[in-house]
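**Student:** What follows is each chain in one-letter form.
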Amino acid sequence: QVQLVESGGGVVQPERSLTLSCAASGFTFSSYGMHWVRQAPGKGLEWVAVIWYDATKKYYADSVKGRFTISRDNYKNTLYLQMNSLRAEDTAVYYCARKAPCSTSCYAVDYWGQGTLVTVSS
Amino acid sequence: QSALTQPASVSGSPGQSITISCTGTSSDLGDYNSVSWYQHYPGKAPQLIIYDVTNRPSGVSNRFSGSKSGNTASLTISGLQAEDEADYYCSSYTSSITWVFGGGTKLTVL
Numbered sequence: 040q041v042q043l044v045e046s047g048g049g050v051v052q053p054e055r056s057l058t059l060s061c062a063a064s065g066f067t068f069s070s071y072g073m074h075w076v077r078q079a080p081g082k083g084l085e086w087v088a089v090i091w092y093d094a095t096k097k098y099y100a101d102s103v104k105g106r107f108t109i110s111r112d113n114y115k116n117t118l119y120l121q122m123n124s125l126r127a128e129d130t131a132v133y134y135c136a137r138k139a140p141c142s143t144s145c146y147a148v149d150y151w152g153q154g155t156l157v158t159v160s161s
Numbered sequence: 245q246s247a248l249t250q251p252a253s254v255s256g257s258p259g260q261s262i263t264i265s266c267t268g269t270s271s272d273l274g275d276y277n278s279v280s281w282y283q284h285y286p287g288k289a290p291q292l293i294i295y296d297v298t299n300r301p302s303g304v305s306n307r308f309s310g311s312k313s314g315n316t317a318s319l320t321i322s323g324l325q326a327e328d329e330a331d332y333y334c335s336s337y338t339s340s341i342t343w344v345f346g347g348g349t350k351l352t353v354l
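Going down the list, the protein sequences come from chains A and B.
One point on numbering: in the working numbering, the residue at position 119 of the first sequence is 158, and numbering is uninterrupted.
One point on numbering: in the working numbering, the residue at position 107 of the second sequence is 351, and numbering is uninterrupted.
If you're looking for bench data, these hints aren't it; they were derived computationally from the structure.
Using N, Cα and C, we set each Cβ at its ideal position, and we do this for glycine too.
Keep in mind that a hint or two might mislead.
[Unchecked claim] Partner residues are not named here, just some residues of chain B that face chain A (Cβ under 10 angstroms, in silico): (1) 251; (2) 262; (3) 274; (4) 308; (5) 336; (6) 342; (7) 345.
[What the hints assert, rightly or not] Pairs of lysine to aspartate or glutamate, EDC-like flavour, derived with a Cα cap of 20 angstroms: (8) 288(B) / 93(A); (9) 82(A) / 329(B); (10) 82(A) / 331(B); (11) 312(B) / 327(B); (12) 104(A) / 54(A); (13) 288(B) / 54(A); (14) 350(B) / 329(B).
Modelling step: build the complete structure from the supplied sequences, incorporating the hints.
**Tutor:** Rendered as structure tokens:
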């Protein structure tokens, strides 16, 4: 079955960097686009970034553009989120999620991981 | 990239039906049949329950249904059950090739 397991979260000081990873299994990772979505404490879901299946296209939320970089390694079946210049408002649970295939829906997010918590604090 | 607008909370008794609205703009929800709905139990992974406005993934109860009119989408849950108590989020693709979520609605089953 589809499994997405995030790692790399933790406590980091403001303006520092952190890289999240998401290990994918149970499907052909190289055939699917992937998202990062986050949820700040007590808040709703916020879309962060998407990367196409072949990494040719990447798009970001305005709130992270220029600071975060989404990438993937299709040989290692792993998705990444490089986060630079972190701010207190980046504190959140970060979810890795699979973009549904267009044969189903070009727009839906069909599987999610359990998330990893990032806390930005001095 | 403003969030879609959802009511913060809704409630209903077992067996009743409830509807959660989700309002966007002509640049997102109004322009694409791309609305998805997610059920989220705190501490768990969100689950897709409706995609492309009206479609249910395999395995999702037919008590969940979706619709859209103009810039507003709706999720209806019929025959409410205690297990439906969760947070619900709508989402839409946008003309900027981004995605946007609603603020979330907490459903309480009385």
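**Student:** Determine for every hint whether it applies to the structure shown.
**Tutor:** Evaluated hints:
no.	hint	result
1	251	violated (12 angstroms)
2	262	violated (19 angstroms)
3	274	violated (14 angstroms)
4	308	violated (14 angstroms)
5	336	holds (8 angstroms)
6	342	holds (6 angstroms)
7	345	holds (4 angstroms)
8	288(B) / 93(A)	violated (29 angstroms)
9	82(A) / 329(B)	holds (17 angstroms)
10	82(A) / 331(B)	holds (11 angstroms)
11	312(B) / 327(B)	violated (25 angstroms)
12	104(A) / 54(A)	holds (15 angstroms)
13	288(B) / 54(A)	violated (29 angstroms)
14	350(B) / 329(B)	holds (8 angstroms)
Hint check: violations occur at hints 1, 2, 3, 4, 8, 11, 13; the rest are consistent with the structure.
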